[in-house]
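Asker: Top line first, the protein sequences correspond to chains A and B.
Its first residue numbered 12, the first sequence is counted upward by one per residue in this note's numbering.
Its first residue numbered 25, the second sequence is counted upward by one per residue in this note's numbering.
Keep in mind the hints are simulated off the structure, nothing from the lab.
C-beta atoms are modelled at their ideal positions from N, C-alpha and C, and glycine is treated no differently.
Treat the hints loosely; a few may be bogus.
Unchecked claim - Pairs of lysine-lysine residues, derived as BS3-like cross-links and limited to a Cα-Cα distance of at most 27 Å, are as follows: (1) B:Lys238 <-> B:Lys166; (2) B:Lys162 <-> A:Lys121; (3) A:Lys245 <-> A:Lys121; (4) B:Lys242 <-> A:Lys80; (5) B:Lys242 <-> A:Lys133; (6) A:Lys121 <-> B:Lys166; (7) A:Lys80 <-> A:Lys25; (8) B:Lys162 <-> B:Lys242; (9) A:Lys80 <-> B:Lys166; (10) A:Lys51 <-> A:Lys25; (11) B:Lys162 <-> B:Lys238; (12) A:Lys80 <-> A:Lys51; (13) B:Lys242 <-> A:Lys121; (14) B:Lys242 <-> B:Lys166; (15) A:Lys133 <-> B:Lys238.
Unchecked claim - Simulated restraints on C-beta separations: (16) A:Glu24 <-> B:Ala239: 35 to 41 Å; (17) B:Ser231 <-> A:Asp246: 55 to 61 Å; (18) B:Ser231 <-> A:Ser149: 53 to 59 Å; (19) B:Leu34 <-> A:Asp139: 54 to 60 Å; (20) B:Glu69 <-> A:Val146: 30 to 36 Å; (21) A:Gly150 <-> B:Ile85: 56 to 62 Å.
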Amino acid sequence: MIELRDIRKSFGEKEVLHGINLEIADGDVFGIIGVSGAGKSTLVRCMNLLERPTSGRVLIDGRDVTDLKGAQLIQLRQFIGMIFQNFSLFQQRSVAENVCFPLEIRGVAKEERLERATDLLKMVDLSDFADAYPVQLSGGQQQRVAIARALANRPRIMLCDEATSALDTRTTMSILELLGRVNRELGVTMVVITHSLAVAQRICNRIAVIDDGRIVEEGATREVFAHPQAQMTKDLLLFDTVIQDFSEDEREKAVI
Amino acid sequence: MGFFAEYGQLLLEGTWDSIVMTAVSCIFAYVLGIPLGVLVLITGEGNLRPNRPVHAVLGWIINVGRSIPFIILLFSIIPFTRLIVGTSLGVLGAIVPLVVCATPFVARMVEQSLAEVDASLIEAGEAFGASAWQLVYKVYLKESLPSLVRGASITFITLFGFVAMAGCVGAGGLGDIAIRYGYQRYQPDVMVAAVILCVILVEVVQSLGNAISKAVDKRTR
Ligand SMILES: Nc1ncnc2c1ncn2[C@@H]1O[C@H](COP(=O)(O)OP(=O)(O)OP(=O)(O)O)[C@@H](O)[C@H]1O
Ligand SMILES: [Mg+2]
Numbered sequence: 012m013i014e015l016r017d018i019r020k021s022f023g024e025k026e027v028l029h030g031i032n033l034e035i036a037d038g039d040v041f042g043i044i045g046v047s048g049a050g051k052s053t054l055v056r057c058m059n060l061l062e063r064p065t066s067g068r069v070l071i072d073g074r075d076v077t078d079l080k081g082a083q084l085i086q087l088r089q090f091i092g093m094i095f096q097n098f099s100l101f102q103q104r105s106v107a108e109n110v111c112f113p114l115e116i117r118g119v120a121k122e123e124r125l126e127r128a129t130d131l132l133k134m135v136d137l138s139d140f141a142d143a144y145p146v147q148l149s150g151g152q153q154q155r156v157a158i159a160r161a162l163a164n165r166p167r168i169m170l171c172d173e174a175t176s177a178l179d180t181r182t183t184m185s186i187l188e189l190l191g192r193v194n195r196e197l198g199v200t201m202v203v204i205t206h207s208l209a210v211a212q213r214i215c216n217r218i219a220v221i222d223d224g225r226i227v228e229e230g231a232t233r234e235v236f237a238h239p240q241a242q243m244t245k246d247l248l249l250f251d252t253v254i255q256d257f258s259e260d261e262r263e264k265a266v267i
Numbered sequence: 025m026g027f028f029a030e031y032g033q034l035l036l037e038g039t040w041d042s043i044v045m046t047a048v049s050c051i052f053a054y055v056l057g058i059p060l061g062v063l064v065l066i067t068g069e070g071n072l073r074p075n076r077p078v079h080a081v082l083g084w085i086i087n088v089g090r091s092i093p094f095i096i097l098l099f100s101i102i103p104f105t106r107l108i109v110g111t112s113l114g115v116l117g118a119i120v121p122l123v124v125c126a127t128p129f130v131a132r133m134v135e136q137s138l139a140e141v142d143a144s145l146i147e148a149g150e151a152f153g154a155s156a157w158q159l160v161y162k163v164y165l166k167e168s169l170p171s172l173v174r175g176a177s178i179t180f181i182t183l184f185g186f187v188a189m190a191g192c193v194g195a196g197g198l199g200d201i202a203i204r205y206g207y208q209r210y211q212p213d214v215m216v217a218a219v220i221l222c223v224i225l226v227e228v229v230q231s232l233g234n235a236i237s238k239a240v241d242k243r244t245r
C-alpha cells in the first residue's frame, strides 16, 4: 500500500503540489489524471523519492520512507519498478542487458540474470529480440522491454509515467493489455499517470484527478466517469474526444 | 632512392618516437582526466553530487590549465618535470608537460561527452536503485562510449601536434626532425617528409577513431 500524507513540493519559490493525500491499495491500478503541468510526474516521483517532498510523509506498506537515504533508499527503489514516456532504454545495451540492468545493480550473478531476462522477455513476447539493440525496435517493442526491465526485481509496485503517450492507439492498447496482465497475474500494484481518459478508463479501477497540484476528485473509475463532481473532471470528459468517439458498445469491448 | 636510404631509418624512428610519446601521454592524461571530468560533471548543479565549491575549484583548475599555451608550459614547469622524472630533456622530459597540458583538455572532453547522455537515462538508473558510482560507470561512461572514443582521437591528434613542439626540448620524434633538419640545417626535403608523415598519421588516427567509435556505437545498427 502507498500512502501519501499532505505532500507538498516546491521548486524554489514555486509550490507545485499543495498538500496531496492519497491511499493506493495493494492490487490497485490507480490512475492519476490531469492536464499538462498539473503535477502528475512530480507526484509519482515522490513515491520512489526521485523527488523529495518539501513536507508531508510517504508511507509504503505502512513504513515511513520519506527520509530514507543511502543503502535503504536504494533498496526501496529496487523494489518499485518504473516505466517512462520515452521508454528510457539504455541505447548501448542489448535488450537482454537492459532487462538485466536492475539485477546487475543489485549484484545478482550473471547466469541468474540471464535466466530471468529470458523469462521476462518471453512474458512480453520479445524472446527473439534478446540480442537486438533498442534502436532496432519499434516504440511499442521498446516499451515492452522497459516493462520487462521494470519487472526484473519482482517489484510489488510499478509506476507508469505517461507510458503510452508516445504510442499510437493500437500499440497503446497492446501495452495497456500487458500492464493489465502484469497487475492481474503478478499482483503488482500499478500507478498509472496519464492525461488520456481513454487510457484511465481502460485499465484503472480507481482514479484521482489532479488539477494545479491538488486532488480535486477521487474514486472508483466507473463512478467518477458516470458522475463527475469536479469541474476539472467534467472539462476533461468534455474535451476528451477519444472518449466521445467511443461508442458505448466499443467501450464494453475495451474493458479487459 | 638515395633520400630514403639516407633518411628512411631516421624518419621511421622519428615516427615511432612521436607515436610512443603521444600514446603514453594520452594514456596518462586519460588516467587523470577521466576522474577529473567525471568529478567536475557530477558536482555540477542538479547532477548526482552537487557541490558548488568543489565544482568551482575544479572548473577553475581546468580552465587555467587549458589557457596556458603549451610552449610556455613546456618551459615554465621544468623544475616540476625534473622533480617527477629527474630530467627536463628528451622523451621523459617531454611527457610530463604533455600530460599536464592534456589532462585538463581530456577532463573537459570527458565532461562534454558525459553531459550528452540523456538525463532521462540517469533518472531511469536512479529509479532502479543504482548508486552514484554505478550511475557513473554503468550509465554515464557506458552510454557515452562512442563519444569518448571520438574525443580520444581528437586528444591524440592534438597531443601529436604538441609532441612536435616538444621537439624543441630534444624530445625526438618527427617534430624534432623537422626542426633540426628543416630549420637548423636547411634541409627542406627532410622537413617536408617529416610533415607529410605527420599529416598521414593524423589522417590515419582520425579514420581509425571514427571507425572504432562507429563499431562500438549500438545506435547505428
Ligand atoms: N525540476 C523542476 N524544477 C522546477 N520546476 C519544475 C521541476 N519539475 C517540475 N516543475 C514544475 O512543476 C509543475 C508540475 O510539473 P509536472 O512535470 O509534475 O507536471 P505533469 O502533470 O507531469 O505535466 P506533463 O503532463 O506535461 O508531464 C510544472 O509547472 C513544472 O514546470
Ligand atoms: Mg509529466
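Asker: Against this structure, judge whether each hint is valid.
Answerer: Structure-based check of each hint:
Taking the CA atoms of B:Lys238 and B:Lys166, the gap is near 14 Å; set against the 27 Å cutoff, the hint holds. Taking the CA atoms of B:Lys162 and A:Lys121, the gap is near 15 Å; set against the 27 Å cutoff, the hint holds. Our distance criterion of 27 Å between C-alpha atoms is broken by A:Lys245 and A:Lys121, whose separation comes to about 52 Å. For the given pair, B:Lys242 sits about 35 Å from A:Lys80 by alpha-carbon distance, which is inconsistent with the 27 Å threshold.
Pair hint B:Lys242 plus A:Lys133 holds up; C-alpha atoms about 23 Å apart against a cutoff of 27 Å. For the proposed pair A:Lys121 and B:Lys166, the alpha carbon gap of about 18 Å is at most 27 Å, so the pair holds. Restraint check for A:Lys80 and A:Lys25: satisfied, since their Cα atoms lie roughly 25 Å apart, inside the 27 Å limit. Restraint check for B:Lys162 and B:Lys242: the C-alpha separation of about 15 Å stays at or below 27 Å, so the hint holds.
Between A:Lys80 and B:Lys166 the alpha-carbon distance is near 26 Å, which keeps this suggested pair within the 27 Å criterion. Straight-line distance between C-alpha atoms of A:Lys51 and A:Lys25 comes to about 16 Å, which keeps the hinted pair within the 27 Å bound. Of the supplied pair hints, the one linking B:Lys162 and B:Lys238 holds, its CA atoms being roughly 20 Å apart against a limit of 27 Å. Distance restraint check for A:Lys80 and A:Lys51: the Cα-Cα separation of roughly 24 Å lies within the 27 Å cut-off, and the hinted pair is therefore satisfied.
Proposed proximity of B:Lys242 and A:Lys121 is supported: the alpha carbons are some 21 Å apart, at most 27 Å. Restraint check for B:Lys242 and B:Lys166: the C-alpha separation of about 11 Å stays at or below 27 Å, so the hint holds. Distance hint between A:Lys133 and B:Lys238 is unfulfilled; the C-alpha atoms sit about 31 Å from each other, more than 27 Å. Distance hint check: the CB atoms of A:Glu24 and B:Ala239 are about 49 Å apart, inconsistent with the given range 35 to 41 Å.
Checked against the hint of 55 to 61 Å, the pair B:Ser231 and A:Asp246 passes, with Cβ atoms roughly 59 Å apart. Distance hint check: the CB atoms of B:Ser231 and A:Ser149 are about 34 Å apart, inconsistent with the given range 53 to 59 Å. Distance hint check for B:Leu34 and A:Asp139: the Cβ-Cβ separation is about 59 Å, which falls inside the suggested range of 54 to 60 Å. Here the CB-CB span from B:Glu69 to A:Val146 is close to 31 Å, well matched to the stated 30 to 36 Å.
For the pair A:Gly150 and B:Ile85, the beta carbons lie near 44 Å from each other, so the given range of 56 to 62 Å is not met.
Hints 3, 4, 15, 16, 18 and 21, counting from the list given before, are not met by this structure.
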